[in-house]
Amino acid sequence: MNRPFGTTTMRLNGAETPFAATPGRRLSEVLREDLRQFGTKIGCDAGDCGACTVLLNGDPVCACLTPAIRADGAEVTTVEGVQHIVPMLQQSFLRHGAAQCGICTPGMLTAAAALLQKNAAPSRREVEDALGGVLCRCTGYAKIIDAVCDLSGISEPGRPDAGAAVGARLERLDGGPKVAGTEVYGADLVLPDTLEVRAIRSPHHAAAFTLGDAAAWAATAPGAVEVFTAADIPGPNLFGTIPDFVDQPVLAEAFVRQRGEAVAIVVGETAVLDALDFSRFPVDWTPTPAVTDLESAPPKDLHPNRPGNLMIRGLVRCGDAEAVLDTSAFTAEAQVDTSFVEHAYIEPEAGIAWMDGDTLVIRACTQAPVMDRDETAKVLGLPLDRVRVQPAATGGGFGAKLDVSLQPLIGLAALKTGRPCRMVYTRSESMASTTKRHPAKMTGRAGCDAEGRVTGMTFDGDFNTGAYASWGPTVAVRVPVHASGPYRTPHYHAEARAMHTNGPAAGAFRGFGVPQAAVVQETLYDDLAIAAGIDRLEFRIINALRDGDTTVCGQTPDGIGIAECLEALRPAWQAALAYADTSDPRRLRGVGVASCWYGCGNTGLPNPSTIRAGINSDGALVLHQGAADIGQGSNTVIAQIFADAVGLPVGHVALVDGDTALTPDCGKTSASRQTFVTGNAALRAGRMLRSEILSLTNAGAAAKLSLEGGALTVSDGRAIRTIHLADLPANPLGYVLSAEETYDPPTRPLDENGQGEPYAVYGYGAQVAEVEVDATLGTVRVLRMTAAHDLGRVVNPLLAEGQVEGGIAQGLGMALMEEYIPGRTENLHDYLIPTTGDMPEIRSIFIEKPDPEGPLGAKGLGEHVLIPTAPAILNAIRHASGARITRLPALPHRVRAAIREAGR
Amino acid sequence: MPAYHRPSTLADALDILASDPVTLAAGCTDLYPATQAKALPGDILDITAIPDLQGISQDDAGWRIGAAVTWAEIIRHHMPPAFDGLKRAAREVGSVQIQTAGTVAGNLCTASPAGDGAPCLMTLDAEVELMSATGTRSLPLAAFLTGARRTARRDDELVSAIRIPARAASGEGDFLKLGARRYLVISIAMAAARFETKDGAITRAALSVGACSPTAVRLTELEKALGGAPLATAAKLVSPATVAPHLSPIDDIRGDAGYRSEAATELVRRLILRCAEKRAEVAA
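So the protein lines, in turn, are chains A and B. Taken in order, the first sequence gives residues 1 to 904; the numbers are from our numbering. Taken in order, the second sequence gives residues 1 to 284; the numbers are from our numbering.
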């Protein structure tokens, strides 16, 4: 009855395709692992994310929930077949910027194709319904819906000419494979003789453990299985992100400090592992008392060198805030608690490692290839030149893929077995074991004078950094620097403490703690504005930092654009206030505003990027672009800056990715630093390459270049000169012309009072939220967000809008629904992120106030966009209903309780 | 290796059930999420190839929804207004992908307190038809659902159909679901209603609340109280006292018990209002 029936055949994208599988095997496994059609993605194996959507006889289903037998005799359409049924769809996705990381794109395309086959001209609402079952964490959905509604829209006129790339609405240069379904993510590469790696992880928040006879257990398998533990790790069994805070074992020894911590890996052929009973793996757990939140202290110190579980304290102080608040005309106090927030990228961690001679090669998802190499080499006791990291296409990161996850595990397995070793995290494994946004327990106090000028502010916050350090120190340092908001605050005292608990290690997540702190500050500003009788937007304009002003760190930045952002919001704000006046008792309408500022790059520490570029004898213009593009667009933006600097069309640029053997270090994709820092390196490298070309031909600075075949032609109005590239000697890298330039932002470390110049460039923004609150049910619908952001120089408006829309989606999730509870919400149906139907209309306004330090004036944007969203929404809820939310997320029952407390 | 049975006749399926304990599989939208494995674990009886379990049909006795009928089929099939609530619930189940695969009967068999199918089917006086090699029996839905994730189905039985008696297929149905997001969301609370009216007055009311007790419950006292009342003003008769005492909600990550009671009352009230508005539109 359960024959692996070799006679089964599906019609896969029009081709009769025999397959052999057990009848109850997930169709997603058949497509990917058996038929090697990797276009269909797996995000959850539970029907919660829709990434694996395929059409079964024309109807959309989750392939992960479909028994293989149901495909027998059926028509199956995957992303690889979408072009045959809706030919324009994939180009439309590309043109509209509907694919960022691209991991949800196959599911979006198949679900949209099913709709378009039945309804060629759907409304936005119909598209929302059809795509409601596919989660996207990058785009905020607007551009996806645009792409489906506007299939035959007018295409942009080709790629920009030389010198016109910056500022162009250029579709992403690396987008083709994402919309075709041919992009190769961490889980999409399998080599001959590949073994699978699975981890044994702690089901307890804290426990002592002993391992039993793993060899005997492994011997129950129908084939060779190897088990590796901490004892097998050749180097120091610790990894981390910040040198003084490296504290996390790759494989735990004797005890675990958090749920999901790995204690062993099991390596074997997939079919052999599938036949093993992992519930019988010989490990004896002795759970120990654990605390995962900040409500009580863990019974003992998690790390002996961090007494009281205090990992680090961050402080910024100027003036005498406490004294000035006691004498201010108006003061306000606020207290806010936030939850763990999960990054919820749709691609769980995945990768493969293999030996290339003596060199260990790791190809995995990442935001930081060089850090991955260094950390993995250390743990495995290898010199750096014996580890090579080839970044896989990465299906979203948002901060959590800055830390190594499976890299040391697959590296260890490949090193020990000599065979390629691949690991793909399950959704629950990803959620339990990787980092989170810090829950914060915060209080704040602020005051202003009778004219509404802020006199001072205090901020105090405990940040639950979980069991291990990860990027907790960065959070503790960044929060006090930014908790004032982009406002003049002459007297200021802010402190943030990263506290250990047995929760999941909290690390980097878009904004490093600043989005949490902004909730407190922007709540206080609403209180003060109301108390002083000043319009809430105007109150912020009064206090906005302006050029020449000094920040709470004593810095005087250039090109401060916050006032321009706030002023640009005036029309939207006025209209929204008028609309809010039309509230009825059932649907309470409200408006809120909040701002952000955010320093780009590491805080007072070096963080250089190096760009290498060259022209080879065939006339290829090659850019070694090492800034990991996790969907945010560095492959495109850096190329735009570089191409204009050289003076050649961006279409000529051939990209080499961040392979550590080929490309210099561009640092991590973090801290909104790539456009600024790597962009500056690219600008310098491009200019250097150009000046080399000009000096070879004695041409003037304004000369025009053209590159055709093997000839580089330079014309400056006086003469036309042609360089025959094959005539030039090639350097060891194969380039006949080349440049390599490094840029490191000038900063000054913070002193004991947090005074210094922590960042060379800041970005600014403000957002207006319009919401509707259901007074009796406590539900909140965000109707519209108007977002004004100062980018200094907009390198690519299409991608910038995508950042704004995606950041707002994450901010909305943080405000209204996202709450990770360790051990309880390790899936995407208990942990909720916004769907197509939860997103408001978003209007982006871009301000260009150049920063002299940014490339062509450009500033960072990636994290800024998320910071104002939650406070703007919360302020709007309060405006609508009186409900003051003190615990995020504002789930319906909490909003209802807060409305009741407000006496409405 | 475990067995995977996919018989093409009901008789074969009942024989398999009589001889071996098996997991029944239809839409599989609850079975796969319950395992991390790459295939359904254990011995499986897949009922989706049995013609007798397919389709929606009607005869003098009423309506029959075959055990393999999906939510998508409910949405597509022409049925009288009494089923409008069920159709609305169908559109709110998970996502289009889940609606394509998931079955109504499977939703009842999973018996989640938050199952979207139960409240509407309760207002339709649904009966669950169970078959085994030894015979067929029918249970009222309230008797079939014995608790959270528990049903009265014996291991040797399968649900063959859901039956709606003809007398319950009249009037108009409606459904409201409350969740923390728009799609793919587990209900915090939900309410279903069906009203039969004559000259604007309620002749028969059926009300049910889900996700607020181990199983969906009928609000029989309130139904009686609404009898004879004008539908247009019936919402005024809803108060916490007429709803909350019949529920036994829990605190969980989606909401606390007090909120659930309050929300359920409000959902029932709004549902009646919406039915009244629809009636008024039809009358106009």
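Keep in mind the hints are simulated off the structure, nothing from the lab. Among the clues, some could well be false.
To be verified - Have a look at the derived ranges for each label pair, beta carbon to beta carbon: (1) A:Q117 with B:Q36: 51 to 61 Å; (2) A:R125 with B:R274: 38 to 48 Å; (3) A:G153 with B:I253: 37 to 47 Å; (4) B:K198 with A:Q117: 53 to 63 Å; (5) B:T23 with A:R313: 19 to 29 Å; (6) A:G212 with B:I75: 44 to 54 Å; (7) A:S123 with B:M1: 46 to 56 Å; (8) B:R274 with A:D293: 34 to 44 Å; (9) A:S296 with B:R274: 38 to 48 Å; (10) A:D293 with B:S19: 50 to 60 Å; (11) A:G903 with B:A148: 28 to 38 Å; (12) B:S248 with A:G381: 28 to 38 Å; (13) B:R274 with A:T327: 53 to 63 Å; (14) B:M1 with A:Q117: 34 to 44 Å.
Said to hold, decoys possible - Incomplete in silico selection of chain B near chain A, CB under 10 Å: (15) L24; (16) A25; (17) R154; (18) R204.
By construction, the Cβ of each residue, glycine as well, lies at the ideal position given by its N, Cα and C atoms.
**Asked** So does A:G903 sit 28 to 38 Å from B:A148, Cβ to Cβ?
**Response** 37 Å Cβ-Cβ, so the 28 to 38 Å window holds.
**Asked** Between A:S123 and B:M1, is the Cβ distance one that fits in 46 to 56 Å?
**Response** 49 Å, holds
**Prompt:** Any CB of chain A closer than 10 Å to the CB of B:A25?
**Reply:** The hint holds - B:A25 has a Cβ within 10 Å of chain A, the shortest such distance being about 7 Å.
**Request:** Can you let me know if the beta-carbon spacing of B:R274 and A:D293 is within 34 to 44 Å?
**Result:** With a Cβ separation near 41 Å, B:R274 and A:D293 satisfy 34 to 44 Å, so the hint holds.
**Message:** Less than 10 Å between beta-carbons is the criterion; does B:R154 satisfy it with respect to chain A?
**Reply:** Because about 23 Å separates B:R154 from the closest Cβ in chain A, which is outside the 10 Å limit, the hint is violated.
**Prompt:** Does the Cβ pair A:Q117, B:Q36 satisfy 51 to 61 Å?
**Reply:** At 34 Å between Cβs, range violated.
**Request:** Starting from the hint 53 to 63 Å, judge whether the C-beta atoms of B:R274 and A:T327 obey it.
**Result:** Given range 53 to 63 Å: holds, Cβ gap about 56 Å.
**Request:** Mind checking the hinted window 28 to 38 Å against the Cβ distance between B:S248 and A:G381?
**Result:** Cβ of B:S248 to Cβ of A:G381: about 59 Å, so the range 28 to 38 Å is violated.
**Item:** Hint check for A:Q117 and B:K198 - Cβ pair distance inside 53 to 63 Å
**Value:** 45 Å, violated
**Asked** Does 50 to 60 Å hold as the CB distance between A:D293 and B:S19, or does it fail?
**Response** 51 Å, holds
**Asked** Should the hint that B:L24 touches chain A count as held when the rule is a Cβ pair under 10 Å?
**Response** 13 Å, violated
**Satisfaction of the hinted span 34 to 44 Å by the C-beta atoms belonging to B:M1 and A:Q117** = For A:Q117 against B:M1, whose Cβ atoms are near 39 Å apart, the range 34 to 44 Å holds.
Comparing the model with each numbered hint stated earlier shows that hints 1, 2, 4, 5, 12, 15, 17 and 18 do not hold.
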